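Engineer: Here is how the chains run, residue by residue.
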Amino acid sequence: MASADSETRPQEAIPQAVKIIIAGGFGAGKTTLVASVSEITPLSTEEVMTEASYGVDDIGGVEHKTTTTVALDFGRITINHDIVLYLFGTPGQNRFWFMWDELAEGALGAVVLADTRRLDTCFHAVDFFERRGVPFVVAVNRFEGSTVYREEEVREALDVSAEVPIVLADARERESCKEVLVELVTHVIRGRDPVMSG
Amino acid sequence: MRTDGVHGHEAAADGPPEETLRDPVPNTRRHDGEPGEERFLRPFAVTAGDPGAHAVLGPEHAGVDMLSLVVAARVPGRHEWLRPEREAILDHALRARTVVELAAEVGLPVGQVRGIVAAMIADGSLQRCGPSRPLGRQDILHAVLAGLCSL
Chain L
1 MASADSETRP QEAIPQAVKI IIAGGFGAGK TTLVASVSEI TPLSTEEVMT EASYGVDDIG
61 GVEHKTTTTV ALDFGRITIN HDIVLYLFGT PGQNRFWFMW DELAEGALGA VVLADTRRLD
121 TCFHAVDFFE RRGVPFVVAV NRFEGSTVYR EEEVREALDV SAEVPIVLAD ARERESCKEV
181 LVELVTHVIR GRDPVMSG
Chain D
1001 MRTDGVHGHE AAADGPPEET LRDPVPNTRR HDGEPGEERF LRPFAVTAGD PGAHAVLGPE
1061 HAGVDMLSLV VAARVPGRHE WLRPEREAIL DHALRARTVV ELAAEVGLPV GQVRGIVAAM
1121 IADGSLQRCG PSRPLGRQDI LHAVLAGLCS L
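These protein sequence lines map, in sequence, to chains L and D.
Numbering-wise, the first sequence is residues 1 to 198 according to our numbering.
Numbering-wise, the second sequence is residues 1001 to 1151 according to our numbering.
Excised from the complex, chain L in its bound form:
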């Protein structure tokens, strides 16, 4: 077949794709945060798993078992010619953790969105990133009508170490979400480059 190389081989610079994970319990505002800072309307894809047998059986060729489809939302921020940042909202329910491993692989870091009315829903996320050694910040999403907690109270309730930044955020506000991401990346750089911490 005639090659389409001349048309399809891109002459433009190909950027490096990097990612940040937005985690938190169901309804904590992950999708809202992604939408607030993404330059595109967040895209959605799916993952399919064979629920009954995952982790138990070899599922190859045994497609008649119960399968589950879980949505995965993501947004994009073009940083510059060389880098495109993807923001992935994690599936909120614990049983979809099989996806977290791949999402976390190579991620620059993670934001754990905490809903103070249901702080317990983000325990698992905190635990996951601590165990995986993925640097993260906790962003306390301010919901109308929720009690305002001080940073220390949230820190104590979540039992995260003193180095992990805890910031207040409003997932609906672009500026606020931007600050959360800046806080995360600053935290990651500080952790990797002790010269910068001071």
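Treat the hints loosely; a few may be bogus.
[As the list claims (entries may be wrong)] No more than 20 Å apart at the CA atoms, straight line, and that leaves these computed lysine to any residue pairs for SDA-like:
#	chain 1	residue 1	chain 2	residue 2
1	L	K178	D	A1146
2	L	K178	D	L1141
3	L	K178	L	R131
4	L	K178	D	D1065
5	L	K178	L	R118
6	L	K178	L	I14
7	L	K178	L	R190
8	L	K178	L	F143
9	L	K178	D	L1151
10	L	K178	D	L1145
11	L	K178	D	S1150
12	L	K178	L	I40
13	L	K178	L	I189
14	L	K178	L	L108
15	L	K178	L	N80
16	L	K178	L	L168
17	L	K178	L	E12
18	L	K178	L	I77
19	L	K178	D	I1140
20	L	K178	L	T78
21	L	K178	D	H1142
22	L	K178	D	C1129
23	L	K178	D	G1107
24	L	K178	L	I79
25	L	K178	L	L158
26	L	K178	L	S161
27	L	K178	L	V164
28	L	K178	L	T41
Just so you know, the hints here were simulated from the structure itself, not pulled from any lab data.
Since we're looking at a predicted model, the values are computed, not measured.
Chain D: place on chain L using the hints.
Structural biologist: Chain D alone, transformed into the frame defined by chain L:
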């Protein structure tokens, strides 16, 4: 003013829910000639029965992950009429795209697209592309920080 109970389902009230649970059949509607008519194909049918292409889990997948960048290395051919997924992927990969974007655009689960993409790289239909300027982790972090600050 919402009640806590309503807030508990905040995502559903504000837009698409963060998780959707559906029945097994992937949505391949967008490839169909007939609008609104679903094609009922099992995942292994979409990947042409190739067990290697069908893995729905695991980053071990031939080194192709969600953020791998690929570009079409040829135009869709006549033999693609039985494999509309490949044609759709080729159509969307005229410029370098990530696997996860292709999945969203062709409306297939990302695990399946990863498998198909791996097979298409192997048969020369797609070409994997690395970044034009590979950067170290620290350079990336500083660039991302600067980029976010200037948003």
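Engineer: All the hints need checking, so say for each whether the structure fits it.
Structural biologist: These are the hints, each one checked on the structure:
{"no.": "1", "hint": "K178/L - A1146/D", "result": "holds (12 Å)"}
{"no.": "2", "hint": "K178/L - L1141/D", "result": "holds (15 Å)"}
{"no.": "3", "hint": "K178/L - R131/L", "result": "violated (26 Å)"}
{"no.": "4", "hint": "K178/L - D1065/D", "result": "violated (27 Å)"}
{"no.": "5", "hint": "K178/L - R118/L", "result": "violated (24 Å)"}
{"no.": "6", "hint": "K178/L - I14/L", "result": "violated (25 Å)"}
{"no.": "7", "hint": "K178/L - R190/L", "result": "holds (18 Å)"}
{"no.": "8", "hint": "K178/L - F143/L", "result": "holds (18 Å)"}
{"no.": "9", "hint": "K178/L - L1151/D", "result": "holds (8 Å)"}
{"no.": "10", "hint": "K178/L - L1145/D", "result": "holds (10 Å)"}
{"no.": "11", "hint": "K178/L - S1150/D", "result": "holds (10 Å)"}
{"no.": "12", "hint": "K178/L - I40/L", "result": "holds (15 Å)"}
{"no.": "13", "hint": "K178/L - I189/L", "result": "holds (17 Å)"}
{"no.": "14", "hint": "K178/L - L108/L", "result": "holds (15 Å)"}
{"no.": "15", "hint": "K178/L - N80/L", "result": "holds (16 Å)"}
{"no.": "16", "hint": "K178/L - L168/L", "result": "holds (12 Å)"}
{"no.": "17", "hint": "K178/L - E12/L", "result": "violated (28 Å)"}
{"no.": "18", "hint": "K178/L - I77/L", "result": "holds (11 Å)"}
{"no.": "19", "hint": "K178/L - I1140/D", "result": "holds (17 Å)"}
{"no.": "20", "hint": "K178/L - T78/L", "result": "holds (14 Å)"}
{"no.": "21", "hint": "K178/L - H1142/D", "result": "holds (15 Å)"}
{"no.": "22", "hint": "K178/L - C1129/D", "result": "violated (30 Å)"}
{"no.": "23", "hint": "K178/L - G1107/D", "result": "violated (29 Å)"}
{"no.": "24", "hint": "K178/L - I79/L", "result": "holds (13 Å)"}
{"no.": "25", "hint": "K178/L - L158/L", "result": "violated (23 Å)"}
{"no.": "26", "hint": "K178/L - S161/L", "result": "violated (23 Å)"}
{"no.": "27", "hint": "K178/L - V164/L", "result": "holds (18 Å)"}
{"no.": "28", "hint": "K178/L - T41/L", "result": "holds (16 Å)"}
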